[in-house]
Amino acid sequence: MLTISLQASLATVLHISSPKGPPWEFLVVFATLLLGPVIFKRAGVPGIVGLLLGGYVIGPHCTDLIGSGNSTLPNLGQLGLLYLMFVAGVELDLNLVRRYRGATIAFGLLTFALPMAFGLAVGLGLGWEAKAAILLGALLSSHTLITYPTVRGAGLSADRAVATAVGSTVLTDTLSLVVLAAVAGSVEGGRSSVEIAAQLVIGLAVLISFSLLVLPLAAGWAFRLLGAERSVRYVVAITAFLSAATVAELFGIEGIVGAFFAGLALNRLVPNEGQLMDRIEFFGGAVFIPVFLVSVGLILNPSVMFEVHTLELAGLFVVACLGGKVIAAWLSGRLLRFSGAQAILLFSLSSAQAAATLAATVIGFQLGLFDSSVVNAVLVLILLSVLASTFTAIYACKRVSIADHGPQSLGTRVVVGVGDPDRARGALAIALRIARADGGIVHPVLVVPESAPFAPRAARERLAHVAATAGVDGMPTTIVDRSVLHGALRAGAAQEATLVLVSEGPEAPEVDFAEVSEPQLTHTAPAHPPPVAIVHGNAERLGAVHTLLEGDGEAPSVGSEMARRVAAGAVTPLDEGDPDWHASLAPGDVTFVSTRIGEALADAYEDSHGLVVAMLAESAIAEQGVQDVRGFSA
Amino acid sequence: MTHARLRRRLAPAGVLLLLAATAAIDACGCAGGGLGAAGTFTPRTPGTLTVATAQVPDPGFWTGTIAHPSGGFEYELARSLAARFGLAHVRVIEVPFDRLITGHLGGADLALSDITATTERARHVAFSVGYLDAPPAILVRPGTSVPDVHTAQRLRWAVQVHTTLQQVLAEEIEPSRPALILAHQREVLAALRSGRAQAVMLDLPVALAYARESPHTYAVAAQLSSNEDELAAALPHGSGENLEAVDSALRALSSDGTIERLGHTWLHTDLQDGRAEQVPLLRTEE
Chain A
1 MLTISLQASL ATVLHISSPK GPPWEFLVVF ATLLLGPVIF KRAGVPGIVG
51 LLLGGYVIGP HCTDLIGSGN STLPNLGQLG LLYLMFVAGV ELDLNLVRRY
101 RGATIAFGLL TFALPMAFGL AVGLGLGWEA KAAILLGALL SSHTLITYPT
151 VRGAGLSADR AVATAVGSTV LTDTLSLVVL AAVAGSVEGG RSSVEIAAQL
201 VIGLAVLISF SLLVLPLAAG WAFRLLGAER SVRYVVAITA FLSAATVAEL
251 FGIEGIVGAF FAGLALNRLV PNEGQLMDRI EFFGGAVFIP VFLVSVGLIL
301 NPSVMFEVHT LELAGLFVVA CLGGKVIAAW LSGRLLRFSG AQAILLFSLS
351 SAQAAATLAA TVIGFQLGLF DSSVVNAVLV LILLSVLAST FTAIYACKRV
401 SIADHGPQSL GTRVVVGVGD PDRARGALAI ALRIARADGG IVHPVLVVPE
451 SAPFAPRAAR ERLAHVAATA GVDGMPTTIV DRSVLHGALR AGAAQEATLV
501 LVSEGPEAPE VDFAEVSEPQ LTHTAPAHPP PVAIVHGNAE RLGAVHTLLE
551 GDGEAPSVGS EMARRVAAGA VTPLDEGDPD WHASLAPGDV TFVSTRIGEA
601 LADAYEDSHG LVVAMLAESA IAEQGVQDVR GFSA
Chain B
635 MTHARLRRRL APAGVLLLLA ATAAIDACGC AGGGLGAAGT FTPRTPGTLT
685 VATAQVPDPG FWTGTIAHPS GGFEYELARS LAARFGLAHV RVIEVPFDRL
735 ITGHLGGADL ALSDITATTE RARHVAFSVG YLDAPPAILV RPGTSVPDVH
785 TAQRLRWAVQ VHTTLQQVLA EEIEPSRPAL ILAHQREVLA ALRSGRAQAV
835 MLDLPVALAY ARESPHTYAV AAQLSSNEDE LAAALPHGSG ENLEAVDSAL
885 RALSSDGTIE RLGHTWLHTD LQDGRAEQVP LLRTEE
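Protein chains in written order, with our numbering: chain A, 1 to 634; chain B, 635 to 920.
It is worth saying that the hints were derived from the structure and are not from the lab.
A virtual CB, placed ideally from N, CA and C, is assigned to each residue, including glycine.
Do not rely on the hints blindly, as some may be mistaken.
Unchecked claim - Quick list of the computed label-pair ranges, beta carbon to beta carbon:
1. GLU821/B <-> ILE202/A: 36 to 44 Å
2. GLY874/B <-> THR246/A: 36 to 44 Å
3. GLN366/A <-> GLN801/B: 40 to 48 Å
4. THR679/B <-> VAL38/A: 31 to 39 Å
5. VAL308/A <-> SER828/B: 33 to 41 Å
6. GLN366/A <-> ILE700/B: 33 to 41 Å
7. GLU754/B <-> ALA113/A: 27 to 35 Å
What the hints assert, rightly or not - Some chain B residues flagged as far from chain A (calculated, every beta-carbon gap over 10 Å):
8. GLY673
9. SER888
10. SER889
11. GLY891
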């Protein structure tokens with residue numbers, strides 16, 4: 001009583017009002033993001049469930065801290081959903097998907113068709129109008145990769161089953177949303193089947209063209225021109241997926257499909273180990289995706305969700321949806337030779353219902369095809385599917401071993417040792433082209449001579465600028481060593497590089513070329529020293545690519561593989577027997593030469609020869625005896 | 635077969651498949667059958683949708699007679715609802731307005747009678763989702779100009795009792811003289827024709843319908859801004875499933891353009907965001 005009267009008095013004197021407005025709403029949301037997972041994890045319940053239930057607690061059906069009229073959180077949730085789909089696309093290992101495209105298509109069709117068929121059967125069996133039954137089938141057949149962050153955190157993003165499930169998302173969600181658009185178009189008056197189909201076909205064509213042609217060019221240009229600032233690169237990525245989502249919605253296609261395609265479009269530009277990806281994952285995991293889950297929780301309403309009729313419907317939907325997904329995962333496991341744990345992983349990634357399901361349900365309600373009991377039954381399905389997906393993901397992740405995917409590709413991690421930043425542009429551009437073929441990353445390393453003042457700031461900043469304008473995503477590190485070559489080798493060992501390039505500094509590299517021979521490996525395993533090459537010269541833009549390698553035309557070598565990746569077109573082998581072979585080179589041309597030729601050229605090199613990349617042999621690396629690393633971050 | 639060739643062949647096949655699927659989906663609507671997902675409507679009289687209304691004829695909304703209605707926006711809306719529910723017949727009964735809004739529908743399944751949904755009325759009836767925006771409007775004799783609220787305040791007013799318009803008149807216009815409060819819309823219009831009133835407050839679609847039917851007798855001088863006034867169907871309290879079914883049906887009729895078509899046909903209006911472009915907005919003090 002005393003406290004209440006004191007509060008009343010204080011309120012009168014100090015004019016204290018109850019909390020409201022954007023700061024209060026954001027405080028409630030972020031407190032939920034913080035506390036929801038923490039509280040539920042202590043109870044052994046996955047954090048995802050904590051976020052869902054946290055959303056319910058703060059929502060209009062519980063404490064009403066976030067009222068039903070609030071549009072900020074649902075809008076942020078929509079952004080979070082687009083972000084989730086974008087991340088799934090940008091993280092996808094396209095080489096894996098390409099390698100497993102048969103499995104992706106097969107699983108995608110199964111995990112779409114079976115729930116679609118079961119949903120259609122349920123709807124027709126309940127006596128529903130055919131369009132409503134078809135829409136039910138479509139909404140049950142999609143899935144949202146809610147458990148992908150869990151799987152990725154377990155180190156399984158490169159697993160065949162994961163790549164299959166993630167890749168299949170494109171197929172299932174696109175098919176599901178195409179059916180949605182067709183049903184909506186047929187219900188809305190005055191449009192024929194031809195018009196609806198034409199709009200969908202044209203829309204998908206425009207979206208794919210925009211995402212896979214326009215976006216990579218625009219983003220690449222933006223990264224080169226504007227991307228010296230780290231924050232700018234991040235904003236470019238956000239802008240890219242929002243633009244693709246907008247283009248999708250112009251044609252009646254859900255924005256999540258556009259966001260996913262945008263992720264695929266930027267896949268090569270955003271290496272998984274790079275700083276930009278790190279930022280994308282950070283903000284996604286900390287804010288955007290959790291906000292989406294909280295916004296889903298807002299709509300949970302137990303008072304209507306647990307009515308008898310609603311629960312009956314929900315039971316049928318759960319059987320149709322999860323039953324179809326289970327059978328699809330099991331069949332795919334048998335047909336595609338997945339292990340039992342991998343099949344469970346397939347199910348866990350393909351069973352969670354949220355985004356496309358919600359979109360289809362809301363549209364069905366607005367079209368008058370569904371009443372509120374159907375909507376609430378779908379909410380029950382969403383909650384149960386997320387629970388099932390989460391628990392099975394945790395179970396499967398413990399049982400799927402992180403596969404040894406064999407030797408890493410040449411471009412997985414390319415370290416570029418730089419002595420003079422002003423002469424590094426060409427080497428960095430070469431490194432980038434080699435890395436992009438594998439979705440790899442380039443690490444620029446400024447090598448400072450032992451005798452020089454430590455880590456001159458100007459040189460570091462200059463290298464960072466040159467790297468950014470070359471399109472490299474990563475901040476340079478600094479290492480002190482007796483030569484650029486030695487420093488690059490040490491940094492390569494520390495970074496587990498798959499290729500080391502040395503951008504020739506003011507002093508000549510200390511290598512006895514007579515002692516070396518060219519490595520014959522296209523790929524290199526982590527246990528072995530990586531291929532090393534010296535890059536003579538510099539260029540703002542790379543031109544034609546030539547090779548002058550011993551054994552050209554025989555088994556592919558590292559040098560020829562590098563040349564192939566750098567070349568935008570054909571690679572021209574030069575004739576070593578021609579004493580004036582270097583006279584035909586133009587500034588900007590890139591010539592890959594063997595060690596012996598590189599040694600001979602070293603003293604006679606001129607800038608007019610363009611860039612000359614001289615290969616070193618593995619034995620030379622061993623002779624350097626790099627046993628430890630002295631490296632310093634910039 | 636190379637991948638490129640396969641893709642070239644698959645692409646047109648995919649388009650044809652999409653077209654065929656879309657045509658199949660489109661054709662499904664013609665098959666009829668139960669609604670189910672959109673709720674099930676159970677009429678009091680099997681096979682018949684019984685609709686209550688306060689006044690027939692009501693220009694634009696109900697034409698003909700109670701026994702033989704021949705058209706009108708709400709009559710055609712009732713027929714569309716009956717078709718969606720699979721009911722072969724529509725029967726119309728006349729019930730006074732003040733009884734409709736207090737929940738006495740006279741045994742009808744629902745009421746369609748220019749009823750604006752309000753919180754107070756929702757205590758007695760169950761309202762469907764709105765099917766027509768209905769901001770207040772001022773109906774006058776031709777030649778009477780009402781440019782602003784001050785002019786409006788000086789007029790002699792008439793309004794129907796127990797309507798939301800009565801409250802709007804009192805709160806938004808605040809006439810300088812007491813308004814004539816009359817029991818029936820017919821009496822309100824009679825007062826306007828006789829000169830006992832210079833202006834009456836009606837729902838905009840209703841006012842436009844009267845002005846169109848009798849342009850030498852009536853004119854719509856102005857409309858008032860409102861984002862909340864909508865006409866809705868009224869069902870007996872506790873209708874539950876029937877209400878769900880009516881709501882779903884109205885959303886469907888809105889999605890497929892039926893309601894818009896009926897508005898053009900019978901009311902000759904194109905209300906955009908609750909306003910009629912050709913009717914000026916009454917200037918009020920902020």
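Against the structure, the hints come out as follows:
no.: 1; hint: GLU821/B <-> ILE202/A: 36 to 44 Å; verdict: 58 Å, violated
no.: 2; hint: GLY874/B <-> THR246/A: 36 to 44 Å; verdict: 41 Å, holds
no.: 3; hint: GLN366/A <-> GLN801/B: 40 to 48 Å; verdict: 31 Å, violated
no.: 4; hint: THR679/B <-> VAL38/A: 31 to 39 Å; verdict: 60 Å, violated
no.: 5; hint: VAL308/A <-> SER828/B: 33 to 41 Å; verdict: 59 Å, violated
no.: 6; hint: GLN366/A <-> ILE700/B: 33 to 41 Å; verdict: 35 Å, holds
no.: 7; hint: GLU754/B <-> ALA113/A: 27 to 35 Å; verdict: 52 Å, violated
no.: 8; hint: GLY673; verdict: 4 Å, violated
no.: 9; hint: SER888; verdict: 8 Å, violated
no.: 10; hint: SER889; verdict: 5 Å, violated
no.: 11; hint: GLY891; verdict: 3 Å, violated
The structure does not agree with the numbered hints 1, 3, 4, 5, 7, 8, 9, 10 and 11 stated previously, though it agrees with the rest.
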